[in-house]
Structure formats: structure tokens, C-alpha cells
Amino acid sequence: MHKLEITVSNKKNDSTGFSTKTDIEEDLGITGIDSIGFAEVYFFETTLDKEKIKEIAEKAFTDPLIQKFTIDEEVYENYDYYVEVKLHEDVTDNVGLVAIEAVEDFLGKKIEGKIRTAKKYYFEGTISKEQIEKISKELLANEVIETFTIGEKK
Amino acid sequence: MLLSLDLIEMKKIQKHFSDLKREPTQIELETLAQTWSEHCKHKTFTAKIDYTENGKREQITGLFKSFIKKVTDESKRKWLVSVFSDNAGIIGFNDKFNIAMKAETHNHPSALDPYGGANTGLGGVIRDVLGVGLGAKPFANTDVFCFAPHDFDSKKLPKGIMHPKRIFKGVRQGVRDYGNRIGIPTVNGAIIFDERYLGNPLVYCGTVGLIPKKMEHKKSNPGDLIVVLGGKTGRDGIHGATFSSIELDESTSSSAVQIGNPIEEKKMLDALLKARDLGLYTAITDCGAGGFSSAVGEMAEEIGAKVFLEKAPLKYKGLKPWEIWLSEAQERMVIAIPKENFEKLKEICDIEGTNATIIGEFTNTKKLELFYENELVGELGMEFLHQGVPQKELTAEWSREEEKEIDFNESVNLGKTIKLLLGMPNIASKETTVRGYDQEVMGGTVLKPFVGKENDGPGDAAIVRPILEDWAGAVISNGINSFYSDLDSYWMACSVIDEAIRNSIAVGTDFERIAILDNFSWGNPEKKKVLGELVRACKGCYDCAKAFDTPFISGKDSLYNEYSNENGTISIPGTLLISALGVIEDSRKKVSMPFKKEGNLIYIIGETYSEVGGSHYAKILNSDKGKVPKVRFEKAKKLYSKVSKLMKNQKTDEKIICACHDCSEGGIGVALAEMCFASGKGAELFLKKVPLGEEIKRNDLVLFSESNTRFIVEVEAGKKNEFEEAMNGTAFAEIGNICGKSLVVNGLDGNKVLQEGIDELKRAWKKTLWW
Numbered sequence: 001m002h003k004l005e006i007t008v009s010n011k012k013n014d015s016t017g018f019s020t021k022t023d024i025e026e027d028l029g030i031t032g033i034d035s036i037g038f039a040e041v042y043f044f045e046t047t048l049d050k051e052k053i054k055e056i057a058e059k060a061f062t063d064p065l066i067q068k069f070t071i072d073e074e075v076y077e078n079y080d081y082y083v084e085v086k087l088h089e090d091v092t093d094n095v096g097l098v099a100i101e102a103v104e105d106f107l108g109k110k111i112e113g114k115i116r117t118a119k120k121y122y123f124e125g126t127i128s129k130e131q132i133e134k135i136s137k138e139l140l141a142n143e144v145i146e147t148f149t150i151g152e153k154k
Numbered sequence: 001m002l003l004s005l006d007l008i009e010m011k012k013i014q015k016h017f018s019d020l021k022r023e024p025t026q027i028e029l030e031t032l033a034q035t036w037s038e039h040c041k042h043k044t045f046t047a048k049i050d051y052t053e054n055g056k057r058e059q060i061t062g063l064f065k066s067f068i069k070k071v072t073d074e075s076k077r078k079w080l081v082s083v084f085s086d087n088a089g090i091i092g093f094n095d096k097f098n099i100a101m102k103a104e105t106h107n108h109p110s111a112l113d114p115y116g117g118a119n120t121g122l123g124g125v126i127r128d129v130l131g132v133g134l135g136a137k138p139f140a141n142t143d144v145f146c147f148a149p150h151d152f153d154s155k156k157l158p159k160g161i162m163h164p165k166r167i168f169k170g171v172r173q174g175v176r177d178y179g180n181r182i183g184i185p186t187v188n189g190a191i192i193f194d195e196r197y198l199g200n201p202l203v204y205c206g207t208v209g210l211i212p213k214k215m216e217h218k219k220s221n222p223g224d225l226i227v228v229l230g231g232k233t234g235r236d237g238i239h240g241a242t243f244s245s246i247e248l249d250e251s252t253s254s255s256a257v258q259i260g261n262p263i264e265e266k267k268m269l270d271a272l273l274k275a276r277d278l279g280l281y282t283a284i285t286d287c288g289a290g291g292f293s294s295a296v297g298e299m300a301e302e303i304g305a306k307v308f309l310e311k312a313p314l315k316y317k318g319l320k321p322w323e324i325w326l327s328e329a330q331e332r333m334v335i336a337i338p339k340e341n342f343e344k345l346k347e348i349c350d351i352e353g354t355n356a357t358i359i360g361e362f363t364n365t366k367k368l369e370l371f372y373e374n375e376l377v378g379e380l381g382m383e384f385l386h387q388g389v390p391q392k393e394l395t396a397e398w399s400r401e402e403e404k405e406i407d408f409n410e411s412v413n414l415g416k417t418i419k420l421l422l423g424m425p426n427i428a429s430k431e432t433t434v435r436g437y438d439q440e441v442m443g444g445t446v447l448k449p450f451v452g453k454e455n456d457g458p459g460d461a462a463i464v465r466p467i468l469e470d471w472a473g474a475v476i477s478n479g480i481n482s483f484y485s486d487l488d489s490y491w492m493a494c495s496v497i498d499e500a501i502r503n504s505i506a507v508g509t510d511f512e513r514i515a516i517l518d519n520f521s522w523g524n525p526e527k528k529k530v531l532g533e534l535v536r537a538c539k540g541c542y543d544c545a546k547a548f549d550t551p552f553i554s555g556k557d558s559l560y561n562e563y564s565n566e567n568g569t570i571s572i573p574g575t576l577l578i579s580a581l582g583v584i585e586d587s588r589k590k591v592s593m594p595f596k597k598e599g600n601l602i603y604i605i606g607e608t609y610s611e612v613g614g615s616h617y618a619k620i621l622n623s624d625k626g627k628v629p630k631v632r633f634e635k636a637k638k639l640y641s642k643v644s645k646l647m648k649n650q651k652t653d654e655k656i657i658c659a660c661h662d663c664s665e666g667g668i669g670v671a672l673a674e675m676c677f678a679s680g681k682g683a684e685l686f687l688k689k690v691p692l693g694e695e696i697k698r699n700d701l702v703l704f705s706e707s708n709t710r711f712i713v714e715v716e717a718g719k720k721n722e723f724e725e726a727m728n729g730t731a732f733a734e735i736g737n738i739c740g741k742s743l744v745v746n747g748l749d750g751n752k753v754l755q756e757g758i759d760e761l762k763r764a765w766k767k768t769l770w771w
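Residue numbers (my numbering), protein chains in the order written: chain A, 1 to 154; chain B, 1 to 771.
It cannot be assumed that every hint is accurate.
List of simulated lysine-lysine pairs, PhoX-like, C-alpha gap at most 25 Å [claimed, not checked]:
no., chain 1, residue 1, chain 2, residue 2
1, B, K346, A, K109
2, A, K86, B, K315
3, B, K315, A, K137
4, A, K119, B, K346
5, A, K134, B, K156
6, A, K109, B, K232
7, A, K134, B, K315
8, B, K315, A, K114
9, A, K86, B, K169
10, B, K232, A, K86
11, B, K70, A, K3
12, B, K165, A, K119
13, A, K109, B, K317
14, A, K134, B, K232
15, A, K129, B, K320
16, B, K165, A, K114
17, A, K12, B, K169
If you are wondering where the hints come from, they were derived from the structure by calculation, not from laboratory data.
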């Protein structure tokens, strides 16, 4: 399995990150966040190798003018925490289904396996782990259908 | 196993199978539970009710038959095409086309996952319209939400409930992402707030579609193939139909939640409309609640069907036969198609990139036969399945207390009061929500949600031209006000019908060509008082709709909207959404609500009573007293006929009525303020000229009473006589004129009682929900 992470090239253009930060401040009353970088995550549960995924990412999944990506490593180096939100296995992941279709269109053949997706938020700022948990539970993830994992900068 | 059957129903099933001398299989029990669920059979609306009103007892056999459908059965309207018999109601539009509308709730799923719930709610109602007759092409959506206040104290939030603001944001994103991506404009809606929606937010979605004449009937024949189109089947949403028929509690599981895929639905929609125009199939229905069980069960009701469950395309392996049969996976439709046409259908589906799979065949056995890998896993007689459900017997009670006189003094500062009213969430601008929705796609939207100089004034109704070569427009409006239910649900029902019709007429709809849809969201009908209120509301529906001869064409109900936790049970206020679908023959004759020209005259049409019970004015003063607004049926009918006739007959370029706005929440004061700031023009008003239905001695009551059946109109100064002549015989009066940049109100004694700059008023109206 390989993991593709995609985000904007310039953090200033991260509208999802920006509006998430506003929601956290206004709706949860948590301040101290400097910035949030938002990334789309694709888990390739297929037999495709890293080189092929790199080609697919470049040519079918991203716009090189405004987006950048990494494979099997984090797309942001500087962060204090990240939260990764993923749908439960039994909830239909439409984005993942369309992603597989896009890969098949690009390769011109059917492929085995599947793609699951996730949303990942990289936080920078002075916030506590408890606050990150609150943000995850009350804003980013709906635990009825999603799970979340929190990562800390080592 | 979650079956949601009651004891009488279970005994009936037990007897049925003991007569057959065998045990039921799981798939049979699940099919019966789904088909007999409240969601599918509307058991409360067909129940026998022992009803007592103020000590007087009566027996009601079916609320639906006795009050809702009765209006339509007795209606003389010739444009009724297909009502209450299909997925949506159909009415006449022009000489080639009819229009269809359906509105329904998606409350329970939206409480669990607001985004996915609202998303699939819209997807579902679009499929309903696509599945009416032989298929209508959806061209407009409407959405109405009820939430708890966005500023609810999070510390008081019960366990397991999401904060209302989070629900609100999720729902609006869900509607936006589905409607915009499938490419259908979202043109009309409303949002109301009350704390009792905390555990049960309401999400109503409606869709209007265009269908060629003669395509309104469908009939599946024995020998036709059963074909499923669109998405694949997974373990999604199993038990949605049975689940939506019970109360929510903390332990409610997630299996009913899904996220929609509008692109999948769009591909299916395009393929189906092509196949429809080629006359390939004989019947169609959507896979909604209950999945195949409901869709195939309904289509085969008169004939019979054999289904081979292993043939259904699956998202993943490992589904049990009953799961395939009951799955509520989104974006699927079922059609009945003669064998010889399947190849052609398959070709179209390949071009559009969607699936078409044969899963069985219609028969003439009057039986439903379910197979899985050549083994018979279920066999049910159609008659028992569809007619076997025992009629419920319920008891209802309602008693009226004397209406209370108001207990508060006149507000001294009316300027401050009007700004408070404008800022109340129910009245405040919903622009940040509505702007996210595409109103322009398809290019036929004539009158949009926002009108006026800066395109931010609140329009009364939307007009959409579904055929761009024709000036005829479909007019979509709504009425909702659950606050009046606290006083008397009878007058609540009359008021919301009046409001929906009033909004429609305000933009120029022909009063003779309005049809309405009912959507009840109520608490637990097994509680006598809750059901009593529902009976009262249904009575109001009959009386009001009958008086106007405005027939119901479709409807839906969502009951058991209660939430229980350790602190007790919260039940929602009785909520009735009336959606109105009207026709304006020439949409160039539309009238919008902002004032147009300085120096023109302001008139009010309709009488004002001292009716502030359940009003927003009473709400800001924390009072639950006062008289609830009534509808004076005969007077109202006459008034609507005259206004509608005048608007219909006026020339498109020389209008007599240049602007029209309905008076509802916040009364004359709010309506006038909205007309001012939408246009950037001020107005001067003389309260003593307002025609009163009864003696009122207080400025605040005249200004903020929410009496029904009133319009504020702008009349071209030179056409005063023409207007007055046309209105002769109804209550109306010239109450002011358009001038300056402020709203100025002169009180009953002639002294100035209010003067506010229009920018100031607009700011108060916009700031509350500006996120």
C-alpha cells in the first residue's frame, strides 16, 4: 500500500485550512492556532508501484501550478499536530471510487484493489493535545461514520 | 434484528406463517417490516382515531383520506394530472408539458451525519421526481431546515448530540455539494430555529421536474425484465425505513448513514431521460427507503415478481441475501423493460457511463419470489405484503383553552424593537447559506432568492422557466411556522397554507393555478395530546385548502421526532411545511419585492388584527400569550383573486403594482423595512391609515402583528385610480409613500414613533447569521 498526500503549493491559498481555522476560533472558541494546512490523502490499496503512482499523481490527480504532493511521507514538514480523518470501512467512500475510475481511465485498463481516502489537517501554533482532541471530535470528524488519528511532531 | 413492528403486527405475521405451516425466513420478515413501516405505509395517517376535542368525541378513519386527499378529491381544478398515486404530484404546465413536484424530509439521517444526511436527502427527492410517471427531468430544488439556535450553550448540550451550528453548517454544505454538482439550481427555501429541534433537526428537500404530456402513467407487465440502473449495492443504509419510524436515543447506530454521489446520479439521470424519450421502458421507480424491497415490491404489487439477488452488482463481497434486498445504497433506480429493449438500454448506459443490470422478471403469479444462487430464500403473497398490515387504532385528544390577552406593555423604543426583530435568526438574512447554492445553472431562473439594488433583498418566491422558448414559469414558494402550533395547530396549518399561497401570489402567480404539498414533522403519535394536535392541524389543512380550492398533490410525514436521554424526552413542535407549486403564464409579468421609484405610493391590502400570539414580537418579549393569527377564508379568497387578476392583466412594461411583499414574521414593520433596504429607498408610513379588522389602540400591535392575508404593494403614482378600482370590494388603503433614505413611521396619534436609516436596518438584518 502507498499513501499519496496532496496539498496546495502555497499555504496562503489554502481556503479549506483557513475556513477550518475560523470555525475552530468562532465555534469552539479555541485560539492559538497559527495556520492549518489541509491535505487530501489517497491510500492506494493496489499493486501499483511508487513510480507509477508518482506518474498518476502528477498527471491525473494534481494541478502542478497550484498543488504539490508526496508519496509515503508527510506533505508538510513543519507542524505541531496533524489530524487524519478517514471514513469507517463500511461507509461508502465515493471519492475513493471515483479515484479508482480515474486511475483506470489514465492507465487504460482495469486494476485490482481499491483506493480509500482521508482528510488531513496539519496544525501549527500553541495548542494542547486536549484541544486537538476536542477539535477532532467536535469539528473535523463525525465519529458515527469516521475515525480520526492524531499525530504529534516528534 | 431491528424490525420496528408492534405486537399486533407480529401476531398477524405469526398467524400468516402458521397458516402456511412454515417458519418465516429472515428476508421475509425484513421485507414485511420494511413494507409495513411507518415510513412506507404511513400507518398513523391511515389509522382509525378515536378523537376527543373539547369533550366532543368523533371517529376518524384515516387522517389522510378524511382531510388531505379529500380536498383534492373534491377539487374542480382541471389541471390536476396525477396526484397521490405516484412518487410525486403532477400538474399541467403548458400545451406540451406538465410539471411534477415532491418534497420530503431526511431528518433522522441528518441528525447523525448532517452532511451526508442532507446530501442524500436531496439525492433521494431528485430520484423521486425522476421516477414519477415515466420520468420527469428535475429543474429546480428547494430546501427548508429547522434547527436549534446556532448560539446554543455548548455546556448544556446533551450527550451524543451535535451542536446545532455544526449541524447547520454540515447540512448547508451537503445541500450545496449535491445540488451544485448534479447541476440543478436550488432556488427557494427557509430556515427556522427553535430549541426543541436540538435532538431532531428537520431537513426538507424538494424538487420540481418537467415531464412531457402523456408520460404520466406507468405500468409494469408480466414478462418485463426488472433492471437496476446506477450505483452498486453495498451494506449502506440498511434499515433506513424501519429506523426512521422509531425515536432516536443515544445508542442509535450508524448503519443508516451514507454520503451521496451526485455525479453517479447525474449519469443515471441522463441515461434514463434518453431511454424515456425512446420509449424503452414501461415503468420506473426510485430505490429509496427499503431499497429493492420497496421498489420491486411496489412495481409488482398488481402482478408479481421473481428476483435473483446474486445478480445485483455489489460494491464488495460478503453481503447476505437480505442485505442486498434491503440495502438503501444511493443513486439507484429500478425499471420494468420489455426484453427486446434491453440491448438498446445497455448501449445508452454504456455511453453515459452508468450500469444497467437485469436482476429479475415481472410475473403474473401475484407473488414475490426471491432467489439467491438458485435457492428460494423468500416467498410472499403480494396481497399479504401490501394489504396485510393491520389498521392501527389510536386515541387523540385536544382541548382548547381560552385565548389569552397579551400581558406586556407597549415597547417604548420601536426603532430598537424593529432592529431586534430583523436580527432574530428566523427573520435575519440567510445570505451566507443561500449564496453557496447555484441558482443560475440551467439558465431558466427568472426570479431568484435575492432581489433588489444590491441583490440582497429577500424575495417571496422563485420563478423558473423550464422551457427556454416559453415565457411560462413555475413558481416555487413555501410556508412554515411551528410557533403557532404551541397555541393552536389548526391555525398554524391555515397560516402556513396562507403563507405559501401568499408568497406565490406576491410574485405574480395565478391564484387559480396553485397546488400545494404537505410535509408533516411531528412527535410521537402514540401520545394522545401529540396526536390531537396533528388531528387539529389536518382539520386546518382541509378547511383552508378547501376554501381556496388549492389542492394537495403530494405529501409526506415524518413522525416520532423525539429524542430521549437521561434528562427526559424532547419532542419537536408540530411542524408543517407547505410547499406551493404555481404557474405564471408570462414570467415577464413577475413582480419583485423591492421598492422601485421614489414618489410612488405604498398600499396595504388586507386587514390587520391584534394577533401577536406565537409572533416574533411576542418572542422577543418572552411572552407565550396573545391571539394566534387566523385566516378569514372567504375574505382571503376574494382578496387573492383580485390581486392575482390585477397582476395577471397588467402590462409587462407598464405595471400598476411595481413591487409586492407579503407580511409575515414581524408584520408590517419588518415587511416594509425589507422593501426599503432591498431597494436602497426610504419610506414614510402612517399607521392610522392601516385598515384594522378590530379595534387596536397600540402602535406596536399594528406594526408587528402577524395577521395573515396581507400584502404591502407599491403602486405607480399615476395609476392610483386603476389600482383602487381593481381592488374595490377588499380591505386596502394607501398607507404611505416612497421617499428619502429612512423608514419613518407615524403612530396612531399622528406623532412620529420610529425613524431608522435603511443602512442601519439592513445591518441589523444581516449580522446575525453572517458566517
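Cross-check of the supplied hints:
no. : hint            : result
1   : B:K346 x A:K109 : holds (21 Å)
2   : A:K86 x B:K315  : holds (18 Å)
3   : B:K315 x A:K137 : violated (29 Å)
4   : A:K119 x B:K346 : violated (37 Å)
5   : A:K134 x B:K156 : holds (16 Å)
6   : A:K109 x B:K232 : holds (20 Å)
7   : A:K134 x B:K315 : violated (34 Å)
8   : B:K315 x A:K114 : holds (11 Å)
9   : A:K86 x B:K169  : holds (20 Å)
10  : B:K232 x A:K86  : holds (21 Å)
11  : B:K70 x A:K3    : violated (61 Å)
12  : B:K165 x A:K119 : holds (21 Å)
13  : A:K109 x B:K317 : holds (22 Å)
14  : A:K134 x B:K232 : violated (36 Å)
15  : A:K129 x B:K320 : violated (42 Å)
16  : B:K165 x A:K114 : violated (35 Å)
17  : A:K12 x B:K169  : holds (24 Å)
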